[in-house]
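Asks: What follows is each chain in one-letter form.
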Amino acid sequence: AEVEETFKRILAHKGVVGVIIVNFDGIPIRSSFADSSLTVQYCALIQQLAHKSRSAIRDLDPGNDLTFLRIRSKKNEIMVAPDKDYLLVVVQEPCDQP
Amino acid sequence: ETPKQAEPAEASTPAPATPAPVTTLQTPKSARDDAKSVASARSGKSQPRSGRSVGSGGNKSQRSDKSPKKSPSKKKAAAVHTPATPASQAEPSPEGCVPIFLPEPTQKIVGLAVPEGEEPPQSPMHFVPKQVIMDDIQNRAAVSEFKEHLKTLNEIETEDILLVADPDWKYGANFLMVVTEEARAEMLAEHTGEEEKEEEHVVLGYVPPQPRDWIPQGSDREIREASVSNSRPQFRLTYQRRRRDFGAPVSLADRNVVDAAPSKLVKNQFIDVQALEDANRSTTDIPITEKDQDVQVAPSSDSAAVQTFWGNPKNAFTQYEARQLSQAEREAQLELPELIEAGRRTAPLFEQSLQQNEIMNCFYDDYTNLGGDGILFSKTDNTFKEFQTFTDLEHSREKAVSHIAWHPTLKGIVAVSTRERYDFDGMVDHSAKIVLKTSVIVVWSFADPIQPQLFLEAPEDVLCFEFCPSDPNIIVGGCINGQIVLWDLSQHMDRLKSTKAKGRSKKVSNMLTEFVKTDSIPTIRYAAASSIELGHQAPVTDIMWVPDHFEIQKVTGYALEAKELKNVQIISCATDETIYIWDLRSAKSNNPVFKREEDRCPMGVPDTFWHLHLKWKPFLSVNLFKSEPGGNHNPVKVSMKEMQGDRSVLTKEDPEGKDPTSTNRGDFTMPGGPKPTKQRMLQKVSTFLYVGTEDGELVYVDWMPQKDQDTGKSQTPKPVFYSTMHDSSIKHLSRSSFDRSLVLCVGGWLWTLWKEGVNSGPILYSQKSPKPLTGGCWSPTRPSVFFITRADGSVEVWDLLDKTHEPVLVQNISANALTYCTVWNISHKRQLLIVGDTQGTAHAHKVPFTLHTPMAGEAPSIEAYYKREIQRRAFVMGRWDYREHEKIELEAKAKREAGIAPAVELTPEERLLKMQKKYEAYLAEEMTFLRELGLKDDDDEPLPAVE
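Sequence order for the protein chains is A and B.
Going by my numbering, the letters in the first sequence line up with residues 1 to 98, in that order.
Going by my numbering, the letters in the second sequence line up with residues 99 to 1045, in that order.
If we strip away everything but chain A, and leave its shape as in the complex, we get (with noise of 0.2 angstroms):
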């Protein structure tokens, strides 16, 4: 329960699209996403990338890891959250506030 009002949380900020959870297998645990396809391609595809990530940043400094992961992208923003055995993914887009 706690978690499911955490990532009420999230989902409440302004101009979340999405959130997912990802567990170590990199299966959809929960997601916003009403299209199941999405869900499946962002766990895949972020998954992969932020593994990347995680051994680049190991690679440049073994005692360092990666804790949050930010891609900006033109049309919106995607932050990833490796923890231990989890994978927590938040899409962002633009407010219309110019």
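You may find that some hints are simply not true.
[Unchecked claim] Some chain A residues judged to face chain B by a derived CB distance under 10 angstroms, without partners named:
#, residue
1, Lys14
2, Arg30
3, Ala44
4, Arg70
5, Met79
Just so you know, these hints were derived from the structure itself, not from any lab.
On a predicted model such as this, the values are computed, not experimentally measured, just so you know.
Where is the CB? At the ideal position from N, CA and C, for every residue including glycine.
Based on these hints, arrange chain B on the given structure of chain A.
Replies: Coordinates of chain B only, in the frame set by chain A:
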């Protein structure tokens, strides 16, 4: 025992022992076939090989010799090796054994014979009691085969003798008699434990090949033959030259052989080589003395076997499906403490980033929003630069420019109309002078600022004119006398087109006399003018072409789709309180064309519109009734929403649009009118006009006539609204080319900005200007910019995104009052503003870069601005209502407090209060009355108050 027999028994293996390991891997049958073929192929070499293996001895052969004994290859070996005579093949018998031949009778005696029809015993071992043999020696004496071995037999201490069958005559006899204890034990061990042993030794180790001596097989001879050696003794030749010939001078000269022939001396000095007669013959005659030849033999046939895996091919495909968790699993995972912990850890990170993005727009691209706004340009660049000035001494001097129009297609061609500056009384006073003057529209080219290109002659001063967008050769103009005039420039198009080249040559010829110029300018007479009686009765103040994608239906005023995409209709307005809609085609059907010669085309005017001349009349009139009694509005400017070139209404038109012919339009059809057409009715076309009036009103009216309830007549409905914002006649009324619902209205001392659909008032209006405003126009490239001309000869530039309370630029252009302005976008780099003044001069100015180059994101921001203004307007309306209400309430309250509030206003409580007040007043009165009468004492208790 011979020394040969002393050799290890194991060494005497038959030749084909080598294939044995191979055969164990394969089926016995194929192995045998294979071995046979191999054997036959190598038949010639088998002998040396066997010999080699015998000689080699060693561990390998010791081990391998055991398998053939029982393995199938033993039989095969027998089959392959065609045994010649047993003797020749006999090998030395193992140590302690004696080969012995036992004929059949002897076998019977010793009990070795196999009875008829019985299987021969498996084991070749036969134990025969010693006594039996001894008896046989005694019984048969010399005949007994054992006789010769009597001595050895006596040495044997065991009770029985071991006889080993040797059916292959390996050792030279059919039996082998074991005589020593060691041999016996060995033989027994060999034959009993042979099966286990065989399995133990089946694994073969790698034995590295040993270098062996060269055995010449004949190839050495080949090598010898191939090598070159001297076949004969070598010659020895010596060439000599006499010593005195060395370095001796020589004299060389040409000489003819034939001439020199007789001389014997010469003859010896040359050799006559005769050509060979038959080339072929001569070559064949040369004997071959040496020939080099090589032959290599390749096996003609070969047999090989391979083993491959053959999978059964099938039509199949694989599709992957993303792994999904079931609902229950998912819920279970959501409750895991690790996930809760992860959520707790990561949520603040997300919130931080999300808030950052909310606070600052992370998608704002600085580069696209860079530039514009005069950062790169100095202040000096922000003013209008004079480009050219056009004035015609004869026709436009002392006259005010009334209208300027750019040629729609040809660049740099501009037409300027002028009018007399007198007011009505002045006109009357100077009528004699005015009548004598010809009124013209002067067409200028930027290539030649001194000399006009064309004069368009009009019956009276032209107040307004427009090029036809679909056919730029046609110009329609409105005259001060109320006539609508048409010109056709098609005959002079070439002249306009070639102005560029001509302008260049003119530079040289400018030196020539003045009159050359004036003579060469053609004057074009109007092609047609409208009927004086049936048209406008007052100066035509505005005229416009109906856009080519629709046409207005006669009488009903419906907007119909125009398939031809030609501009044929005109809207004009005049100060006689009417707006007329004209059709270039209308008169054709109604009026017969005059065929008389004198009627046709005077002064070389093309007869394009001659049929309309003086008979042309409008097909629809729009009246501007005032909402309250007291006359009509007097229009001076008119503007419609549809724009030339914007065909969007055609495409987004509902296909199920009402067919105009199906409506009850029969009521309105007049005899002689055009046939009902099957044209599509365009519902999306806005039939409303904004009309600016002489009194400064802005009227919003539908041109579609409606049936009047009282009279039954079909006429223009009353305007939707009108507003009297302007304090004097409207001078300019136009819509933004970016948003057609946006109307700029200039008149009096201020300008107003209206949004179609917002009828309560302008969404924006300026403060009172220090000077009267005389005209204006929108910037064609920037949605937020428009230009306003003033009576003091200045031009104001307004940029609503920059400042709304004052113009961004005020620049004086002329010493005289400006009358008209228009902007033409030549290219994306150059824009020209042309203004006319009261001296008949048209000033062309370059618009500064910043004022014509749109800023990044200008359109959306100005749209947002207008939206805000509209919202403000709605708010103002709301406040008006509120204030009104409040005022009424305040008044009511004041009245109520004064006690004269109307009854309707009272609530029950108020009524109660009022009644109580009345009652109290009554009581007080009663008290005083009673006191006066002396019926009441002052110390009496007052009556309890009524609650």
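Asks: Each hint should be assessed against the structure and marked as holding or not.
Replies: Hints versus structure:
no., hint, result
1, Lys14, "5 angstroms, holds"
2, Arg30, "6 angstroms, holds"
3, Ala44, "7 angstroms, holds"
4, Arg70, "6 angstroms, holds"
5, Met79, "5 angstroms, holds"
Violated hints: none; the structure is consistent with every hint.
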